[in-house]
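Colleague: Sequence:
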Amino acid sequence: MQLFVDNLTNVDFSYLDDERGLVGETWLASVLLDGGLDQTSMIWDFGVVKKVLRNWLDDELDHRLLVPTKSQRLSYEINQDRITLSWSFGNDNVLTMDAPLEAVALIDAKQINEQTAAKWSIKQLSNHFPDNLEHIQLTFEAEEINAAYYHYSHGLKKHDGNCQRIAHGHRSRIQIWCDGARDRNLENNWAERWSDIYIGSEEDLISISDNEQAQMHFAYDAPQGHFELTLPKKVCYIMPSDTTVECIASHIAQILHDENPDSTITVKAFEGLNKGAIFEV
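For the sequence shown, full-length UniProt numbering assigns the number 1 to the initial residue and increments by one for each residue that follows.
Hints are supplied without guarantee of correctness; some may be wrong.
With a Cα cut of at most 25 Å, we get these calculated DSS-like pairs of lysine-lysine [as the list claims (entries may be wrong)]:
no.	residue 1	residue 2
1	Lys123	Lys70
2	Lys158	Lys70
3	Lys119	Lys50
Calculated directly from the structure, the hints in this document are not laboratory data.
Source: prediction; values computed, not measured.
Full structure from sequences and hints, please.
Modeller: Put into structure tokens, the structure is as follows:
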């Protein structure tokens, strides 16, 4: 007998990739359970399934940086409740981070993808399953998007929740209207501009190294602790404000309006799946 819950929840996070570096991502999670019936003639109560699995995913993956601990590109050190790490990617690019340990998920794999993250999650969840459950299949998949989108990472130091973590992210659609007409070219241009980008706030930018491989160093204090992140300048975009989705929608709209001063610009910026902000100027 099998029990399924499609689109159980979604997780927004960033991960370390061999070539792309820091990648913001959003996955939908679904689950398929194999087992015998219990005394209530159920494999597992839907309400309990949703509560246990959704809460675990929210706590252990959502708004974290997923780190492949078996990768030779990684070096890291844990000191009590903090982690420092260094990651090499692409052609001589380096990312470093110093943050509270709760800001990362240490995935026992050489690389991060839907399959390795699911395998690790099931292993971590094993002691939460009832005795009659014989097998669990957890699947992650990205939203099907037939239009412009970008992957971005950021951190919101003023946020009371997990958005304050300096390296979490989203895979997000972008929709733009010029004088009431949908403009696919503007959407594609902005998606290309923000391909695998780190969006940093100007006030969190501590320094920029002056060398051939210029690095940007971000740091701030938040309720969960002190955060620092350094990564190549070429993968960073600096905003003069916070990097909330509200500020992102406003920022994009203002820039496009400056480029098209005689037009009305409307921007619908998504933050992950089915949520975001709209700004018109």
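Colleague: Run every hint past the structure and note whether it holds.
Modeller: Hints, verified against the model:
Between Lys123 and Lys70, the direct Cα distance comes to roughly 16 Å. Compliance with the 25 Å bound is thereby established for this hinted pair. Among the hinted pairs, Lys158 with Lys70 is inconsistent with the structure: their alpha-carbon atoms are about 33 Å apart, more than 25 Å. Restraint check for Lys119 and Lys50: the C-alpha separation of about 19 Å stays at or below 25 Å, so the hint holds.
The structure fails to meet hint 2 from the earlier list, while all remaining hints are met.
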